[in-house]
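Participant: Protein chains in written order, with UniProt numbering: chain A, 1 to 123; chain B, 1 to 86.
Bear in mind the hints are in silico, worked out from the structure with no lab data behind them. Just so it is clear, CB atoms sit at the ideal spot from N, CA and C, and this is done for glycine as well. It is possible that some hints are incorrect.
[Stated by the list, open to error] Pulled a few chain A residues facing chain B out of the computed Cβ check, cut under 10 Å: (1) Thr19; (2) Arg63; (3) Asp74; (4) Val75; (5) Ser82; (6) Lys92.
[To be verified] Computed spacing ranges between beta-carbons, pair by pair: (7) A:Glu7 x B:Ser59: 40 to 46 Å; (8) B:Lys12 x A:Ile53: 16 to 22 Å; (9) A:His17 x B:Val78: 17 to 23 Å; (10) B:Ser80 x A:Asp30: 26 to 32 Å; (11) B:Lys12 x A:Asp4: 21 to 27 Å; (12) B:Gln64 x A:Glu45: 17 to 23 Å; (13) B:Gln76 x A:Asp30: 18 to 24 Å.
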Amino acid sequence: MSVDKEETHQRLKAAVHYTVGRLCQKIAEDHRREFSRQVIAAIAETAVRQCDIFAKDLEAFARHAKRSTVSTEDVKLIARRSTALSVYIQNKSEELNQDQRELKKKNTGKRKSRDTEEEESRE
Amino acid sequence: MAEKDAEIGFKKDTVSKLLTGFFKEDKTRLGGDAALLMAEMLKVFVQEAAVRSQKQAESEDCDQVDIEHFEKILPQLVSSSTKSGF
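Extracted from the complex, chain B is given alone in its bound form (with noise of 0.2 Å):
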């Protein structure tokens, strides 16, 4: 069942060449750990957005979690002057 769980996450590959794709300069490389790691990185988030917005809708009695919940949480989730924003 653990092992069911980890298998869930995004791929080196995929992680890489959309990172890579967003570098400005042609000549700057993402190292392989690095590349790995971002792919943790990228699935904290993820999971990030979607356990709020779970808890935002659970606050407001909703059975599904929908649009307005996740905008509510976002300015937060994506803020980068506090600590609960990445």
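With the rest of the complex left out, here is chain A (with noise of 0.2 Å):
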């Protein structure tokens, strides 16, 4: 790794570093029980090391789909294996798109609303 790449990389981490221990702190709350810091260095660090096992099967899958950019779709494999967190990022997505489709609404303003009326009208 490059001088450069290994600073980003470093101020990555620690981006990822402050959010673990947030998260945490949230949870220490909720059950009345603190983390050490060494186990919030720990979480952060494995968490990481799961982005890049996570990165090489995604990578991995756009590839198998013959595309170049990482999808939403290959986002879904990933969660495939808990049924819990399978459902839990298939519902994230239908909350992205369903964002998406008001914000395009909102964009094209007048002339989306009037074709929704034209559809609308003919129902």
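Two chains, two separate frames, one set of hints: put the complex together.
Facilitator: Dropping the structure here:
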């Protein structure tokens, strides 16, 4: 790894560490049991390593579908083993689609609403 | 209160850069929605690690979650051959 790349990686690791700390604090409050700093560091390190595994799998899935861009379909495959996780990720994906449809509606403004009115009148 | 909870999570940009850095080929890209979904995935991973460690500490009657509790739950967390792993 080059010096630049290494520095970026360290910064990203620090960002992950920070978020892990906040997530753990929230869970500690709920369970009334604190996490030692060592545990937070270990969870952050594990999360980064898991990202390495995820990235390689995502890349392979995208390639298998003859794409060079990783899509939400590839992410759904990553989550396939646990039923609960799979359902959760599918729902999140649906939410994202919904958000985008609403955004499109807002952006295209009047034209879009006229289109939907026409559709409705046809129905 | 619920809104405050939703704020804690990984940034799309962080996840995107982290994953892209791990790709073997330079031409591989990460879609925008895929990055958002991966941020969610990573959050679940961390929450699972934290809650399982909490439960381990609880079962041992400890009032702090220590590294040995995390060490005990780690193998199953990262196991890809069981339903309870990622």
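Participant: Does the hinted range 21 to 27 Å hold for B:Lys12 and A:Asp4 at CB?
Facilitator: With a Cβ separation near 22 Å, B:Lys12 and A:Asp4 satisfy 21 to 27 Å, so the hint holds.
Participant: If you take the shortest Cβ to Cβ gap from A:Ser82 to chain B, is it below 10 Å?
Facilitator: 5 Å, holds
Participant: Taking 26 to 32 Å as the hint, is the beta-carbon distance of B:Ser80 and A:Asp30 inside that range?
Facilitator: 28 Å, holds
Participant: Holds or violated: is the Cβ of A:Asp74 closer than 10 Å to a Cβ in chain B?
Facilitator: Holds. Min distance 7 Å.
Participant: Does the Cβ-Cβ separation between B:Gln76 and A:Asp30 fall within 18 to 24 Å?
Facilitator: 22 Å, holds
Participant: Within 40 to 46 Å or not, the Cβ separation of A:Glu7 and B:Ser59?
Facilitator: The hinted range 40 to 46 Å holds for A:Glu7 and B:Ser59, with Cβ atoms some 41 Å apart.
Participant: Would the stated hint for A:Lys92 survive a check requiring a Cβ distance to chain B of less than 10 Å?
Facilitator: Status holds, d = 5 Å.
Participant: Tell me if A:Arg63 is really an interface residue toward chain B, meaning its C-beta lies closer than 10 Å to one of theirs.
Facilitator: Since the shortest Cβ distance to chain B is 8 Å, the answer is holds.
Participant: Would the hint on A:Thr19 be counted as holding, given a Cβ-Cβ threshold of 10 Å to chain B?
Facilitator: With a minimum Cβ separation of about 5 Å from chain B (threshold 10 Å), the hint on A:Thr19 holds.
Participant: Quick one: are B:Gln64 and A:Glu45 within 17 to 23 Å, going by C-beta?
Facilitator: 19 Å, holds
Participant: Let me know if the C-beta of A:Val75 comes in closer than 10 Å to any C-beta of chain B, holds or violated.
Facilitator: 4 Å, holds
Participant: For the pair A:His17 and B:Val78, does the Cβ-Cβ distance stay inside 17 to 23 Å?
Facilitator: 18 Å, holds
Hint compliance for this structure: no hint is broken.
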